[in-house]
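Engineer: Whenever a hint applies, use it, and build me the whole structure from the sequences.
Protein chains: 2
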Amino acid sequence: MGRRNEHSREELREMALEAAGALVAEQGFRGLSARKVAAAIGYTVGSLYLIFRNLDDLILQLNARTLDQLYEALLTTRQDCSAPRDCLLALGQRYIEFARQHHHRWKLIFEHQLPPDQDLPPWYLERVSRTFELVQSQLQALAGPRSPRELTLAAHALWSGVHGICVLSLDEKLDLAGHLSPEEVADSLVAHYLEGFTASGPHSG
Amino acid sequence: MGRRNEHSREELREMALEAAGALVAEQGFRGLSARKVAAAIGYTVGSLYLIFRNLDDLILQLNARTLDQLYEALLTTRQDCSAPRDCLLALGQRYIEFARQHHHRWKLIFEHQLPPDQDLPPWYLERVSRTFELVQSQLQALAGPRSPRELTLAAHALWSGVHGICVLSLDEKLDLAGHLSPEEVADSLVAHYLEGFTASGPHSG
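Going line by line, the protein sequences match chains L and W. Letter by letter, the first sequence follows residues 1 to 205 in our numbering. Letter by letter, the second sequence follows residues 1 to 205 in our numbering.
The set of hints was computed from the structure by calculation and includes no laboratory data. Just so you know, not all the hints are guaranteed correct.
[As the list claims (entries may be wrong)] Below, simulated DSSO-like cross-link-like pairs (lysine-lysine); rule was C-alpha separation at most 30 angstroms, straight line:
#1 W/107 / L/107
#2 L/107 / L/36
#3 W/36 / L/107
#4 L/36 / W/173
#5 L/173 / L/107
#6 W/173 / L/107
#7 L/36 / W/107
#8 L/173 / W/173
#9 W/36 / L/173
#10 L/173 / W/107
[Said to hold, decoys possible] Now the stretches of chain W that chain L is said to cover, found in silico as 3 or more residues with beta-carbon under 8 angstroms:
#11 34-42
#12 150-156
[What the hints assert, rightly or not] Calculated from the model, a selection of chain L residues having no Cβ within reach of chain W, i.e. all distances over 10 angstroms:
#13 17
#14 61
#15 78
Even glycine gets a Cβ: it sits at the ideal position worked out from N, Cα and C.
Structural biologist: As structure tokens, then:
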């Protein structure tokens, strides 16, 4: 313990985030503590707090990495499709796949709450909005000119919908009779929504 | 403590569920334990386990009550509307309102997990399916003859979608820029989905 001179600040940050990610992947949010992260990398909790302001800061940085990974996954999906409708369906499917592959780390993005008096930092919000941007640009390509607000609303409706399917399905609360897959429900949601969205014309919300 | 002869079995059950509901409403899932429920009603944990098989059983019975309350709320909403499309929009809005009013108790339905080797009991599943039935009958009235599978799929897509909006909005993860309300996103989701669903004709999923 206390070998803080062996690694640079950046190396230590990297090691800590790596260890935190592994802890969450194995044991979920409840399995994460500063003590466990410090133990995993052979440093004291004090050393950890030279790098991170607190546990919330560490979690935000970990979540930012998960968001980066999600963004990369969705970007690759978008580059592999051409028609906007197909892209939007494929993005929904990729989101489900990502959530399943990285279940606990993905869940941490939504489970973690900052103290009520703190706002999410700009570098974090930036990562959220560029992910939405991927969806919005496809909606725009599909539906022609729409107000930014209409596109934001549609992107949020689609994303929340697919997110709800993921949450319920990964927690085994979707389709208790066991006949529907989340992929199928998401396709139904996205396909029908898009039919309605494109049919309704601009400015109808 | 230990005054188990003072109340009938049914009275004790009622008191325990009432106390458990109040604990969850105040402190969330993490605030619930057999010890706290027993203390709140002035009985021993042992007495509690004469009524409930274990804490999971108590939670399932509590969640069944929440589902009953949700069903009643949605049923009233459905009785107050006439056109199926209006009813489905109103049911979505009522779901959001219910989730907001009973935040922790509503969340407990989704947070609680039975041990992997246990299935949900029939009396619980019955409560879930009659709630879906409310949505499905409106979908059927709107869209004409469809296969039961198509109706189930559509009901699950709509419900998961609205549920996702609730989850994200109540945890303050929806619309980080703060311009959209969950009600507005849900209306967009339901309205566009229904346009697509009715336009697509039977048997297209």
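Engineer: A separate judgement is required for each hint: does it hold in the structure or not?
Structural biologist: Each hint, compared with the structure:
1. For the suggested pair residue 107 of chain W and residue 107 of chain L, the alpha carbons sit about 15 angstroms apart, so the restraint of at most 30 angstroms is met.
2. Distance check on the hinted pair: residue 107 of chain L and residue 36 of chain L sit about 20 angstroms apart at the alpha-carbon level, within 30 angstroms; holds.
3. A threshold of 30 angstroms between alpha carbons decides the hint, and for residue 36 of chain W with residue 107 of chain L the separation of about 29 angstroms falls inside it, so the pair holds.
4. At roughly 27 angstroms between alpha-carbon atoms, residue 36 of chain L and residue 173 of chain W fall within 30 angstroms of each other, so this suggested pair holds.
5. For the hint linking residue 173 of chain L to residue 107 of chain L, the alpha-carbon distance of about 15 angstroms falls within 30 angstroms, and the restraint holds.
6. Restraint check: the Cα-Cα separation between residue 173 of chain W and residue 107 of chain L comes to about 12 angstroms, which is no more than 30 angstroms; the hinted pair holds.
7. The hinted pair formed by residue 36 of chain L and residue 107 of chain W meets the criterion: a straight-line CA distance of about 29 angstroms does not exceed 30 angstroms.
8. A threshold of 30 angstroms between alpha carbons decides the hint, and for residue 173 of chain L with residue 173 of chain W the separation of about 21 angstroms falls inside it, so the pair holds.
9. A threshold of 30 angstroms between alpha carbons decides the hint, and for residue 36 of chain W with residue 173 of chain L the separation of about 27 angstroms falls inside it, so the pair holds.
10. Restraint check for residue 173 of chain L and residue 107 of chain W: the C-alpha separation of about 12 angstroms stays at or below 30 angstroms, so the hint holds.
11. With a threshold of 8 angstroms between beta carbons, the proposed coverage of the stretch 34-42 of chain W by chain L is violated, since 0 of its residues qualify and at least three are required.
12. By the rule of at least three residues with a Cβ nearer than 8 angstroms to a Cβ of chain L, the coverage given for the stretch 150-156 of chain W holds, with 4 such residues.
13. With a least beta-carbon separation of about 21 angstroms from chain W, residue 17 of chain L lies farther than 10 angstroms from that chain, consistent with its non-interface assignment.
14. For residue 61 of chain L, the requirement that its beta carbon stay farther than 10 angstroms from each beta carbon of chain W is met, with the minimum near 17 angstroms.
15. A cut-off of 10 angstroms between C-beta atoms confirms that residue 78 of chain L is not in contact with chain W; the least separation is 21 angstroms.
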